[in-house]
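Enquirer: Single-letter residue listing:
2 protein chains.
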Amino acid sequence: MSSPDPISPSETPVGSIGVAPEGTVVIAIDAMGGDHGPRVTVPGTAEALKRDGSGRLRFLLHGDEALIAPELAKCPELKAVATIVHTDQSVAMDEKPAQALRRRTTSLFMAISSVKSGAAHAVVSAGNTGALMALSKMILKMITEDLERPPIACSWPNAKGGMGTVLDVGANVTSDANQLIEFAVMGTAFHRAVRGKDKPTVGLLNVGSEDVKGHEEVREAHRILREGVDGINYYGFVEGDDIGKGTVDVVVTDGFTGNIALKTAEGTAKFVKNLFKDALTSSLLSKLGALLAAPALRAMAKTVDPGAANGGPLLGLNGIVVKSHGGAEAWAYSNAVSVAISLAASAYATDIRKALAYVRKAHVASPETPQMADEKVS
Amino acid sequence: MSSPDPISPSETPVGSIGVAPEGTVVIAIDAMGGDHGPRVTVPGTAEALKRDGSGRLRFLLHGDEALIAPELAKCPELKAVATIVHTDQSVAMDEKPAQALRRRTTSLFMAISSVKSGAAHAVVSAGNTGALMALSKMILKMITEDLERPPIACSWPNAKGGMGTVLDVGANVTSDANQLIEFAVMGTAFHRAVRGKDKPTVGLLNVGSEDVKGHEEVREAHRILREGVDGINYYGFVEGDDIGKGTVDVVVTDGFTGNIALKTAEGTAKFVKNLFKDALTSSLLSKLGALLAAPALRAMAKTVDPGAANGGPLLGLNGIVVKSHGGAEAWAYSNAVSVAISLAASAYATDIRKALAYVRKAHVASPETPQMADEKVS
Chain A
2 MSSPDPISPS ETPVGSIGVA PEGTVVIAID AMGGDHGPRV TVPGTAEALK
52 RDGSGRLRFL LHGDEALIAP ELAKCPELKA VATIVHTDQS VAMDEKPAQA
102 LRRRTTSLFM AISSVKSGAA HAVVSAGNTG ALMALSKMIL KMITEDLERP
152 PIACSWPNAK GGMGTVLDVG ANVTSDANQL IEFAVMGTAF HRAVRGKDKP
202 TVGLLNVGSE DVKGHEEVRE AHRILREGVD GINYYGFVEG DDIGKGTVDV
252 VVTDGFTGNI ALKTAEGTAK FVKNLFKDAL TSSLLSKLGA LLAAPALRAM
302 AKTVDPGAAN GGPLLGLNGI VVKSHGGAEA WAYSNAVSVA ISLAASAYAT
352 DIRKALAYVR KAHVASPETP QMADEKVS
Chain B
2 MSSPDPISPS ETPVGSIGVA PEGTVVIAID AMGGDHGPRV TVPGTAEALK
52 RDGSGRLRFL LHGDEALIAP ELAKCPELKA VATIVHTDQS VAMDEKPAQA
102 LRRRTTSLFM AISSVKSGAA HAVVSAGNTG ALMALSKMIL KMITEDLERP
152 PIACSWPNAK GGMGTVLDVG ANVTSDANQL IEFAVMGTAF HRAVRGKDKP
202 TVGLLNVGSE DVKGHEEVRE AHRILREGVD GINYYGFVEG DDIGKGTVDV
252 VVTDGFTGNI ALKTAEGTAK FVKNLFKDAL TSSLLSKLGA LLAAPALRAM
302 AKTVDPGAAN GGPLLGLNGI VVKSHGGAEA WAYSNAVSVA ISLAASAYAT
352 DIRKALAYVR KAHVASPETP QMADEKVS
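These protein sequence lines are chains A and B, in that order.
Take the position in the first sequence, starting the count at 1, then add 1; the result is the number in the working numbering.
Take the position in the second sequence, starting the count at 1, then add 1; the result is the number in the working numbering.
Hints are computed from structural coordinates only; laboratory data are not their basis.
For identical chains, the list gives no copy identity; a pair is met inside one copy or between any two copies.
Below, simulated EDC-like cross-link-like pairs (lysine to aspartate or glutamate); rule was C-alpha separation at most 20 Å, straight line:
#, residue 1, residue 2
1, LYS200, ASP352
2, LYS161, ASP306
3, LYS200, ASP231
4, LYS161, ASP279
5, LYS246, GLU267
6, LYS271, ASP306
7, LYS214, GLU96
Hey, can you work out the whole structure from these sequences and the hints?
Expert: This is the structure in structure tokens:
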């Protein structure tokens, strides 16, 4: 990755919006990000505000005032607590991250910078993932140094009727034992903040549950976690089908496997839904049946709507960054904003920093530490 | 893995059943394998025989005559072409592979040995996977030496209405570029034999479609496959959701990722099916709707029934070995037997041997060959 000179806060254009007032929770919105821009980001933010109802929320809407203002006029409750931070620049969905890094007056750059400066507690963007990742890393910096990129966590509906957390789903293509343990720490802090469970259980994704299964990295991480890592409620190895069963709250894996598991599950859910749809429209009789069952089917559809799980945090940064799907509509976008609110309003920021510092001191070996011998399956 | 002395054919107890007669296709059945034994393996085999209708099939049913004979009496068509090879020994579902390797008169050992001796063209077992793998490797040997275990291929229903092939789904937890290319060769030979498509397309599973995506092993395999490997119709990188879409016929990945993708998909399909089921029984009105749509739903259910895809071959061996799910019922078991019949009746055995020899000579580098430099994503 090419790295331009790090920017100093004085160079950023956020001075004018000051520091978040005491007692408020301020969310910076990259209003231009995503396939639909302010048409989705503004009403989506308004919906999240309505759901929160704490009265503490404030929003910084970064982007083109001419496009944001008309949308904001339709959302008077949001308008009362929002400030438009105007810029006519934005990062294109297909823009190279290296180029985005150099353009400091884009809505994305300014939105992230407002977290760095203390004007906002969290930032949400539905924009270019590569640019979001590169800019977040450059502006906010990682808490922990040995990750190339911030891992992304995703929320995954399960048979227990709740949402599990799976990470990393796409940032780091290889992960050693230390990184897997750091993911466990980050996933625990995220799940606690967003799902409100004090001691979420953590499982390590593998091809079987016995100690000897899997490659060296997962077996080494398993050994350390089983011995006990402070603050992690470790369950043990889990398999692919345990994610949907909800066997544990947090599933930890490398970004390669996690990304493929997530996309495979999305593809499978779509495939099965389409088969049902085809079956329910295949004859006059089945169409009538579908009509009678329509209310129940509609209620169910919301459970598996990917929009319900929208809002993947980029973890391990000095600041809260939440990614929304680029194609999200207002309801889905509102869920990403709610994730940012939960993280910003909770003890997450101090939690994750303390836990990572602790785990690094106590458990994360330096590269010189000899690795455990590779056990063979007998 | 502990390795007892290799056995010589003269020591195996299969001499009495001779060599497969000219013009026949002989399938060896481990009749005792699986959760249900002969109660499933015998009628399942009978169903596959009925479906084939070629008149060329013969079966060797390895196991306890006292249990097999009563089941066989109910299947006169099978009885006419089957020979019971009696043994009262069998491998337990939870038996350690190392122990199974030493017991030469089990139904599993004898069934595999009947392929080695030439008495049968293929073997099917629903028994202990670890034991099947260890015994197959010891008795039949691998064609290619640098794989620790035979990769397992699975059949995966897709939105194009057909079955894709995905491998490896669980045997080898790490795979370098050479092994991924060998999987592509094996998957092509399998798909051609079983799905009847002459030049199946092959995709390499990754986290994105650009050349720079993924870890070193997939990028190196991609580079070689893109340059062209004889006999492989290479499409390029595919992502997790492409499996269900049916973007390519054969999806190649390492055994760790493949196993997790498969189990995640199975878990997701079950989760979504259960949500539909719950919705369709949640009220009197929706129950009535489900009743009207029942014929269509039943037809659909067969498409996603895992039994339709039952029958995973252990590839790269000097002999055809097909694994059935341990819990398979007769219909699912019959599908595993059909896979074995397709492989045995086709040019698969010579195909795969020739293709592997060719690819090893032309493309597979020795361990001394320098690896491509690790490209970083910019």
